[in-house]
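Trainee: Below are the chains, spelled out letter by letter.
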Amino acid sequence: MSTPVLEVKGLAYAYPDGHQALFGVDLHVHQGERVALLGPNGAGKTTLVLHLNGIHTAGAGSVSVSGLPVEKANLQEIRRRVGVVFQDPDDQLFMGTVRADVAFGPANLGLKGAELDRRVMDALDKVGMTEFVDRPPHHLSFGQRRRVAVATVLAMEPEILVLDEPSSNLDPASRRELADILRSLDVTVLMVTHDLPYALELCPRSMVLSGGTVVADGTTYDVLTDDALMKENRLELPFGFDPRSTPRPAR
Amino acid sequence: MSTPVLEVKGLAYAYPDGHQALFGVDLHVHQGERVALLGPNGAGKTTLVLHLNGIHTAGAGSVSVSGLPVEKANLQEIRRRVGVVFQDPDDQLFMGTVRADVAFGPANLGLKGAELDRRVMDALDKVGMTEFVDRPPHHLSFGQRRRVAVATVLAMEPEILVLDEPSSNLDPASRRELADILRSLDVTVLMVTHDLPYALELCPRSMVLSGGTVVADGTTYDVLTDDALMKENRLELPFGFDPRSTPRPAR
Amino acid sequence: MHVPDGFLDAPTSTATAVVAIGCVGVALVGARKELDDKTAPMAGLVAAFIFAVQMLNFPVGAGTSGHLMGGALAAVLVGPFTGVLCVSVVLLVQCLLFADGGITALGTNILLMGVATVVVGWLVFKLLQTTMPKRLALVPAQAGIAAFASVPAAALLFVGLYAVGGAADISMDTLLTAMLGVHVLIGIGEGVITFLAIGAVVAVRPDLVYGARRVLARRELEIRSEVTA
Amino acid sequence: MGAGHGHKLHYHGHSVVHRAPAHLKILALLAFMLVVVATPRDWYAAFAVYLGVIAVVVAVSKVPPTYILKRTVVEVPFLVFALLLPFVAQGPKTEVLGVTVSQHGLEAGIALVVKGTLGVLASLTLAATTEPQDLLAGLERLRMPNQLVQIMAFMVRYLDVVTDEMQRMKVARESRGFNARNPKHWPILARSAGALFIRSYERGERVHLAMLSRGYTGRMPE
Ligand SMILES: Nc1ncnc2c1ncn2[C@@H]1O[C@H](COP(=O)(O)OP(=O)(O)OP(=O)(O)O)[C@@H](O)[C@H]1O
Ligand SMILES: Nc1ncnc2c1ncn2[C@@H]1O[C@H](COP(=O)(O)OP(=O)(O)OP(=O)(O)O)[C@@H](O)[C@H]1O
Ligand SMILES: [Mg+2]
Ligand SMILES: [Mg+2]
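Protein chains in written order, with my numbering: chain A, 129 to 379; chain B, 129 to 379; chain C, 344 to 572; chain D, 4 to 225.
So that you can see chain A by itself, here it is in the shape it has in the complex:
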């Protein structure tokens, strides 16, 4: 098999205040896969995600992206390849206007002028936020900020998209549109979510993180229908939803 685009081995991490969040995580994601990362609140999902582009530095174990170890010398390159949408859009948006914010990443990659403009408007168009291009991001509604946050990362056209609960606070149509966008892109996707039907719809494969380790890894259908596993990890299917009665999604 080819080298995995994301490879995490024995990853452990403690926050500066001494609280340990990861206790030896192992995972592989291959080129073009769409993988859901499930698990209860406080499982360590966000902590794991923030290792994938070197925001946190492994306390033990290793992380590599397309064979490149995540370490100081490679950070520039790795951050070009891995785009992370944070769980909190307020952590992601910092410029004075939506346009400047979305342009920030591509401009750092060296894009300019019309080309830069096209990238910005394309990305905003995808998330349906073109009309807000000259507003300050912190004057938008929460869901609008989330959409802009997604656009800032799409505009960089990364090879690997890591999204931390991208669908939360989105209205139902935006949620579906985001799924359409992710399906239409030819990139590897790792998506943290608590929305199990969404995971089933979008990601053929799922991993369950719990208490700082990976406790399950398989097809999303198998994970969602494993009642014992689900119960142990605070995963429950929502009211009125049964994966057994839905059409098996196409890959």
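Be aware that one or more of the hints could be misleading.
Derived pair list, reagent style SDA-like, types lysine to any residue, alpha-carbon separation capped at 20 Å [what the hints assert, rightly or not]:
#1 D/K173 x B/A201
#2 A/K359 x A/Y326
#3 A/K240 x D/G218
It should be emphasised that the hints constitute simulated quantities derived from the structure, not laboratory data.
Based on these hints, arrange chains B, C and D with the ligands on the given structure of chain A.
Mentor: Relative to the frame of chain A, chains B, C and D with the ligands by itself:
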């Protein structure tokens, strides 16, 4: 009919930067009702919610709570009666420890000592966060912060609970537990949500806000099965969910 | 004690400017060891905080204005060299954007509030650290005492500079008594605030306190091997 | 946190003075003040000319003079000092309006007021016509060492973060029945100040990391 506990008449509001978000909102909520507030991103839901305890001041129209107009003289009393869970937990939590944060509200109501302690631990117990009582809230995971944010409001035992997307970022079990809590309390609930199955499960009545006005008000079942209305307001049922095939929830 | 334009005569102002530039130069070299990717934002925040603290400007008795200085706080949080840089940046911003302290007196101000308080604060802090047991819990108190000591020290330097280049010959005794009296009071406030601020940071993010790094224990990570499905 | 959408002292405008490159404005301010300070204290005519120069610049900039005058209050503490000088200084005495004061102290006090006021007016004119962002760029062009530029850039940004977090905390407190007018609540304010420090730092740190995640290398893209 009795005086409504929440009464909004012709409410209009523009943000300080000149952007108008509400264009004449009318609504009534009666004692003991549980009402869902649906609508697309940017519809004005959060803006409306922030009028209900006087954080924003009506630009035109009026808001009253149990007959008491929301104005400076009544704010203290209104904030005792109306508990608001903000959309962003970071807006809600500000003290150095979870305990201090949850105790803050009841302490302002004059509670002390053992009584105060009981309130705090009760509220944290409800959201399953007792073991985090001495951690700083800003060092918790997003979902954990959301749960503490809910606890800070529960601890005040308000008569009217207003929740802005309380279920986002919660793991599925916590989401269900929150529904159980809300059902078990004898209070009036107004809940903003994008999670339509959750609205159907929990709230017999729904209102749809769109472009700053109320465009629909009826039973949640009727709203969710009105295809034209749904489509117009970016409301879509999630993958694998059909209200027609679910058991009608008990009131 | 932001000195305005024309308060000291031209030769004194020039001399202090030269000394200040020298000190900032030394700090720039020294700070290379202290400043990295993660500490640059910290230095910025410390500067912002000192800025806010110094805005609490209250006129006091026999003459000058008094306010908190924050030099010792900066030294303990980000290290002495970066500390000098932080306070200097604050003074530069105050001078250019708020007209607080004259542009021709910038050197004097940096010397008084940037260099003197940081150096004295840091020396006292180090002295306390070496003579007291190595315990994290003691760091805030040590910082508080250092902060208290740093303020009258700066006042003393101020009186010295005024004696050399002051515009009017007032009795040095009067000035000295007045300045010291006032600044001992300010020093108490400075000490308490520094104690509280460092205490708050040490409690949840001890790694952010430069002066606490020596006493931070290394933590062992636990690995849990679980059977993966 | 908007990256530098003005500060309290900036008066939005598009005049020549607003548009002039910031580094030239800083140099001009410095040169102007050096001349002012070096002027002997009894050349009153010269000071009148300096004041005229400032008045012309302010007029060209179209910043309302009252806008600048209102902000000269930073000077007050030193005015107090200047007013006291004639009474505490030594040397030959003279009589003004029937009060015996020190001749030397009187002259020094007047000079202090005159020079200090010119300095404050000139600096405020710069502040009113220059965005912090431009000022930063100007200092960079003047070869201010990179470490100082970085600290200042973060400081300007953090001032926004801190105000923003402070505002959020205020709303949160008030929603839960808090009323800051009561002094018995001060300890709570003190404790939340500690939380504010960490919170602002961590928010700023996360934003900084978000910038790095999008390829930031320490310099804003054009
Ligand atoms: N800044 C921090 N400092 C200390 N501990 C933290 C910090 N952030 C998170 N933690 C702790 O680390 C653990 C893992 O947190 P993480 O944010 O990774 O959870 P998560 O799986 O993303 O949860 P959620 O679904 O709620 O977002 C939690 O127990 C949390 O309390
Ligand atoms: N602080 C602000 N300043 C200016 N405009 C704002 C501000 N906050 C929100 N808006 C605008 O007001 C409108 C309503 O925003 P609001 O936050 O109420 O939407 P919402 O219905 O809560 O959306 P969401 O589902 O995304 O949370 C939006 O168009 C938004 O851009
Ligand atoms: Mg998370
Ligand atoms: Mg909202």
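Trainee: For each hint, tell me whether it holds in the structure or not.
Mentor: Results for each hint:
Among the hinted pairs, D/K173 with B/A201 is consistent with the structure: their alpha-carbon atoms are about 19 Å apart, no more than 20 Å. Taking the CA atoms of A/K359 and A/Y326, the gap is about 19 Å. The hint holds against a cut of 20 Å. For a cut-off of 20 Å, the pair hint linking A/K240 to D/G218 stands: about 15 Å separates their Cα positions.
Comparing the model with each earlier hint shows no violations; every hint is respected.
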